[in-house]
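Visitor: If you want the building blocks of each chain, they are given just below.
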Amino acid sequence: MKYLVLALCLVAGAAQAETGADPDWPCVQRKQPHLSLGQMWSGPEPDETVRELARTPEIAALADRLEQRRLPLEKAEAEVAEFAKTADNKQLTALMVAIFDRIDPHRAALIAGIARYGNKQVDLAKRIGDHRQKMEEMQKAEKPDFDALDAEEEQLDWDTRIFQDRQQALTYVCETPVILEQRVFALARAIAAGLK
Amino acid sequence: MKAATAILTSALCLGFALPAAANRVFVSNEKGNDVTVLDSETLEVIGTYPVGARPRGITISPDGKELYVCASDDDLVRVFNPETMEETHTLPSGPDPELFVLHPSGNPLYIANEDDNLVTVVDTRTHKVLAEIPVGVEPEGMGVSPDGKVVINTSETTNMAHFINSETFEIFANVLVDSRPRFAQFNDAGNKLYVSSEIGGTVSVIDPETQQITKKISFEIPGVLPEAIQPVGVRVTKDGKKVFVALGPANRVAVINGETDEVEDYLLVGQRVWQMAFTPDEKYLFTTNGNSNDVSVIDVAANKVIKSVPVGQQPWGVVVAPN
Chain A
1 MKYLVLALCL VAGAAQAETG ADPDWPCVQR KQPHLSLGQM WSGPEPDETV RELARTPEIA
61 ALADRLEQRR LPLEKAEAEV AEFAKTADNK QLTALMVAIF DRIDPHRAAL IAGIARYGNK
121 QVDLAKRIGD HRQKMEEMQK AEKPDFDALD AEEEQLDWDT RIFQDRQQAL TYVCETPVIL
181 EQRVFALARA IAAGLK
Chain B
197 MKAATAILTS ALCLGFALPA AANRVFVSNE KGNDVTVLDS ETLEVIGTYP VGARPRGITI
257 SPDGKELYVC ASDDDLVRVF NPETMEETHT LPSGPDPELF VLHPSGNPLY IANEDDNLVT
317 VVDTRTHKVL AEIPVGVEPE GMGVSPDGKV VINTSETTNM AHFINSETFE IFANVLVDSR
377 PRFAQFNDAG NKLYVSSEIG GTVSVIDPET QQITKKISFE IPGVLPEAIQ PVGVRVTKDG
437 KKVFVALGPA NRVAVINGET DEVEDYLLVG QRVWQMAFTP DEKYLFTTNG NSNDVSVIDV
497 AANKVIKSVP VGQQPWGVVV APN
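Going down the list, the protein sequences come from chains A and B.
The first sequence begins at 1 in the numbering used here and counts up by one.
The second sequence begins at 197 in the numbering used here and counts up by one.
Everything labelled a hint here was simulated from the structure, so no lab data went into it.
Keep in mind it's a predicted model, so treat the numbers as computed, not measured.
Heads up, a few of these hints could be off.
[What the hints assert, rightly or not] Okay, derived cross-link-like pairs now, DSS-like style, lysine-lysine, Cα gap no bigger than 30 Å in a straight line: (1) B/K503 - A/K90; (2) B/K261 - B/K479; (3) B/K500 - A/K75; (4) B/K227 - A/K120; (5) B/K412 - A/K31; (6) B/K500 - A/K90; (7) A/K75 - A/K196; (8) B/K479 - B/K500; (9) A/K196 - B/K324; (10) B/K324 - B/K411; (11) B/K411 - A/K31; (12) A/K85 - B/K500.
Sequences are here, hints too, so could you generate the full structure?
Guide: In structure tokens, the structure reads:
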């Protein structure tokens, strides 16, 4: 039991040391709540006409398809190249805007999700501490209630396991916004390659 | 016979003339645990070689015979033969070496140890630690003056550039800069020191003589949120006229006039651009783009990105062989 607590403290300690004290952002990566179009696009600046174009069914449908991560990037790039054959710069910029306007909110929602994840871990760590304290008190009693102690210990074991599993998954969770950034950037490059 | 000789001579001349100054470009891939080697003329990948756990800082000896790699998670510097990419030996570095700088003579090596607030000085010939210099919290950037007399270390949390006397290993001046200084670079004349601040979003221009900040360069890119502009790597052309600053997740490299210290251009490169290296003739500048897993090649004279070359996972540092 002692070892478990020790291991837990180590895990929690390491996580803190690595990520700083912000429970809203438990990742090693720097927090960047929103992307901006200029980060990936140095083509024409989108004006009202372009924004209008971005909402037309043809471009909106293409953006919907390209945004999906299940569409392999190579296929997405091929679709962009196909579109670029006939599209002018305004249409290409509109496609960029349409894709950006889909991926950025998606990414922002993910980041909010990571904040909830981080906060849940903090709550769980606190609950584990509470269980431990309660068990210590129960053991100090003149006639300890061993059944209740067993139940408490079982709960502690579960919480600890969940905490550790989630902590391990954190690396992957933190990678997801990066994966979206990579996709929108790669698509931007493909679209920019088609500019006339 | 005469004709044959003429053909032979011209073939020989061609033979010597053709392979222009092709140099090897070495890129450390932090997540891939390897180094990608490129050819600076064909811009093709020559090969990828394992180099230890979490390679970050990378540099090469002035004679081009030893390649040094900070293997951060191995807590040492690994040294390779740049031709064969075989490991020849290791150097002690202290824990978590991130970035280092070589004395212009090729010895010693000054290493920033992020975790224990030290700069470790290592003799590259005897492989012994010469000194451990206590600096500010989270040391990171390392620079050295062209005459080798002054070593600069920046500490990310203390927000200072520490001026270290390379003979006595003592700090003789501290300059407060903006938040999270990441990199320090002198111009070749030695009369300007550029220190980038990642969170502050600025580059401080410091007069090394007086240790005073003479100018703070800030950056504005239309359509990019200010918090995405995070200056890291800095490189200056030999004539001091052009300064390149890598702007992290802004995915841009800023081109600065080295005389007026005004920003003249922003070049779109790859994602999360951190470090850069020139070819010896300064025809090209290579940038490491950690999130798009590629290297951008900038034509220095034209201020133009001419190519992006896919490398390994999370490229971090880059160095070009001098010969």
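Visitor: Would you mind marking each hint as holding or not holding in the structure?
Guide: The hints, checked one at a time:
Taking the CA atoms of B/K503 and A/K90, the gap is about 25 Å. The hint holds against a cut of 30 Å. This hinted pair checks out: B/K261 and B/K479 have alpha carbons roughly 22 Å apart, not beyond 30 Å. Between B/K500 and A/K75 the CA atoms are separated by roughly 28 Å; this keeps the pair inside 30 Å, and the hint holds. Taking the CA atoms of B/K227 and A/K120, the gap is near 28 Å; set against the 30 Å cutoff, the hint holds.
Distance hint between B/K412 and A/K31 is fulfilled; the C-alpha atoms sit about 25 Å from each other, no more than 30 Å. At roughly 23 Å between alpha-carbon atoms, B/K500 and A/K90 fall within 30 Å of each other, so this suggested pair holds. With a C-alpha separation of about 22 Å, the suggested pairing of A/K75 with A/K196 holds against the 30 Å cut-off. Distance restraint check for B/K479 and B/K500: the Cα-Cα separation of roughly 11 Å lies within the 30 Å cut-off, and the hinted pair is therefore satisfied.
About 58 Å separates the Cα atoms of A/K196 and B/K324, which puts this hinted pair outside 30 Å; it is violated. Only pairs whose Cα atoms come within 30 Å are accepted, and B/K324 paired with B/K411 is rejected, the gap being roughly 39 Å. Between B/K411 and A/K31 the alpha-carbon distance is near 29 Å, which keeps this suggested pair within the 30 Å criterion. With a C-alpha separation of about 25 Å, the suggested pair A/K85 and B/K500 falls inside the 30 Å cut-off, and the hint holds.
The structure shown violates the earlier hints numbered 9 and 10.
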